[in-house]
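**Q** Sequence:
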Amino acid sequence: MARSLSGENLLYYFFLFWYACGVVLLSFDLLPASLQWANAVFLMLSGLVGSVYFLSAYGRITGAFFIGMIFIISMLAEGLGVHFGFLFGSYKYTSEFGLQLWGVPIAIGFAWLLVISTSHVIASVLTAPLLQKKRFFHSILYIVTGAVFTLGMDLIIDPVAFHVKQYWIWDEGLSFYYGVPFKNFSGWFLLALFFHLIIYITLVLLRKWPEKKDGYRSKRIVLLYILVSGMFMLLGLINGLWLASFVVLIFILAAGFAYNKIRTVEEA
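In terms of our numbering, the sequence shown has 131 at position 131, counting the first letter as 1, and numbering is strictly consecutive.
Hints are supplied without guarantee of correctness; some may be wrong.
Said to hold, decoys possible - Only pairs whose alpha carbons sit at most 27 Å apart, straight line, appear in this in silico BS3-like list of lysine-lysine:
no. : residue 1 : residue 2
1   : K219      : K183
2   : K165      : K92
3   : K183      : K92
4   : K208      : K183
5   : K208      : K219
6   : K208      : K261
What the hints contain is simulated information worked out from the structure, not anything from laboratory work.
Generate coordinates for the entire structure from the input sequences, incorporating the hints supplied.
**A** If you want it as C-alpha cells, here you go:
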C-alpha cells in the first residue's frame, strides 16, 4: 500500500512540476517549436492523475473499467468525428499534438480522462445533500452536473486549442464563439452525459457510491480541474479570449466551492 501511495504522490508532484513549467513557458510564449510535444505530455499527465483517482477510489477492477471505457469510447467518438463528422462536427487534427491513432492524438483520450474524473468528483460533491433524501432526483442531477462541468472545461479548452494553438482545424461553418461550431459543444455534453450515466449506474450497482469523500484524493482531483481550467483561462486572457475566460471563471469558482465543501466534511 505504501508503495502504491508513494507512486501516486510522485505522479501528482511531477504533474505539478510540469504544470508550473508549462504555465511560465506558455504565458510568456517561451515554448520553442521543438518542445511542442510537451503540451501533449501535459494532457497525458493530467489524464493519468485522473486515472489514478479512479483506481484508488474504486479499486483496480472498477477503476480500470472506468479508465478503459472513457479512453476507448472517447477515442472512437473522436475518430468518427475526424473521419465522418459524427457528434463533434467535421474537423481534423494537426501534427502539433503528438502521436495519433486513427487520426486522433493519443493525448485526447487522456484529456477525456481528465475532464470526466474531475467533473465526476465535483458533481458528486455538489449533489451529495440530495443523496439520502431524493435518490432518483440525485441521480439525474449528478449526471447533468457532471456533464455541465465537463462542458465548462471544453468552453475554454477548445477556443485556446483552436484559436490560439491551432491543434485542430474545423471543416465546417464556424460559430461566433471563437470559430468553434456549436455541434462540438453539444457532442461534448452528450458524451459526458453518457459517461456519467455509466459511472453512476456502475457505482450504485456495486454499492461504491462515494457518500463521503476520501479526503486528499478528492481534493487533489478537484484542484486538478481548477489548475487546468485556470491555465487555459490565463492563456485565454493573454490572447484576448475574454468571453471564454469569464465563462470558465464561473466553473472554477464553483469547483473551488466543492473543494472547500470536502474540507468542511473532513473537519466535521
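**Q** Evaluate each hint against the coordinates.
**A** Going through the hints against the structure:
Between the alpha carbons of K219 and K183 the distance comes to roughly 32 Å, so the proposed pair goes past 27 Å and is violated. Of the supplied pair hints, the one linking K165 and K92 holds, its CA atoms being roughly 14 Å apart against a limit of 27 Å. Note on K183 and K92: the hinted pairing holds, with a Cα-Cα distance of about 15 Å set against a maximum of 27 Å. Between K208 and K183, the direct Cα distance comes to roughly 34 Å. Violation of the 27 Å bound is thereby established for this hinted pair.
Restraint check: the Cα-Cα separation between K208 and K219 comes to about 19 Å, which is no more than 27 Å; the hinted pair holds. For the hint linking K208 to K261, the alpha-carbon distance of about 20 Å falls within 27 Å, and the restraint holds.
Hint check: violations occur at hints 1, 4; the rest are consistent with the structure.
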